Amino acid sequence: RVGHFELHHELGKGGYGRVLMAIDLKRGETVAAKEIDTGGSLDRKKSIAHEIKMLRRLDHPGVVGLRGFDEVGKLCYIFMEFAAGGDLFELVLARGRLSEAEARPIFAQTISAVAHLHERGVVHRDIKLENIVVTADGNAKLCDFGLAHAYERRPDSHPSGAVSAFDREPLTRVCGSESYMAPEVPMRRGYDGPAADVWSCGVVLFGMLTGSFPFDAAN
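Be aware that the sequence shown starts at 1, since it is given in UniProt numbering, and climbs by one per residue.
Derived from the structure by calculation, the hints contain no laboratory data.
From a predicted model like this one, the values you see are computed outputs, not experimental measurements.
Careful: at least some of the hints might be erroneous.
Stated by the list, open to error - Capping the alpha-carbon separation at 27 angstroms, the derived lysine-lysine pairs in DSSO-like fashion look like this:
1. Lys13 - Lys45
2. Lys26 - Lys74
3. Lys74 - Lys13
4. Lys45 - Lys74
5. Lys26 - Lys53
6. Lys13 - Lys53
7. Lys46 - Lys74
8. Lys46 - Lys13
9. Lys74 - Lys53
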């Protein structure tokens, strides 16, 4: 047990740690617990704090909801909305590919979430099949904001948002997954974050419909 969350079985593993099923004892709700071993690393703790900050900045049905955060020794836990359907990569892997009728609502929900991010001055930078989860009722949720970037709001901008309200300076950090990466990202000449996200969305759609990537060369 961690705080008011009761930990249960493992759902999956990644480079960051593992994901467990958990119960929010206050709400009586099943949640996903992302368990990260920081090893006492300050940089890793900063990365976790950054992801939590990004999730708190966003409020959209297509973005996985944050349910809580806690630390136990060198382990950090991010508690999030549970998606019983797993991630899109697992779904496509099991099915081979999705029909247009199946892919259409998933993609519509995904790009609606991405538009919300951009309106809030946030770019995801790691949109891929593995980072889109599906709930029991078939709704798609964007997750894993560890590489997200938040633009600074212009001093004279209107508080309502809109991409133009933020200083969209070119980004230089090369990050994300190669198969989904816009070609300008690894060139280290600066790239537009929202445009790179849109490219990745296109690769996601291609992957859902064909079960493969649009490009399979060595580089």
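Here is what the structure says about each hint:
Among the hinted pairs, Lys13 with Lys45 is consistent with the structure: their alpha-carbon atoms are about 19 angstroms apart, no more than 27 angstroms. Proposed proximity of Lys26 and Lys74 is supported: the alpha carbons are some 25 angstroms apart, at most 27 angstroms. Proximity of Lys74 to Lys13 is assessed by CA-CA distance (about 18 angstroms); at most 27 angstroms being required, the pair is judged to hold. For the hint linking Lys45 to Lys74, the alpha-carbon distance of about 10 angstroms falls within 27 angstroms, and the restraint holds.
Between the alpha carbons of Lys26 and Lys53 the distance comes to roughly 23 angstroms, so the proposed pair stays at or under 27 angstroms and holds. Under the criterion of a C-alpha separation no larger than 27 angstroms, the hint pairing Lys13 with Lys53 is consistent with the structure, at around 23 angstroms. As the CA atoms of Lys46 and Lys74 are separated by approximately 13 angstroms, the hinted pair is consistent with the 27 angstroms bound. Taking the CA atoms of Lys46 and Lys13, the gap is about 21 angstroms. The hint holds against a cut of 27 angstroms.
About 20 angstroms separates the Cα atoms of Lys74 and Lys53, which keeps this hinted pair within 27 angstroms; it holds.
Checked against the numbered hints above, the structure breaks none of them.
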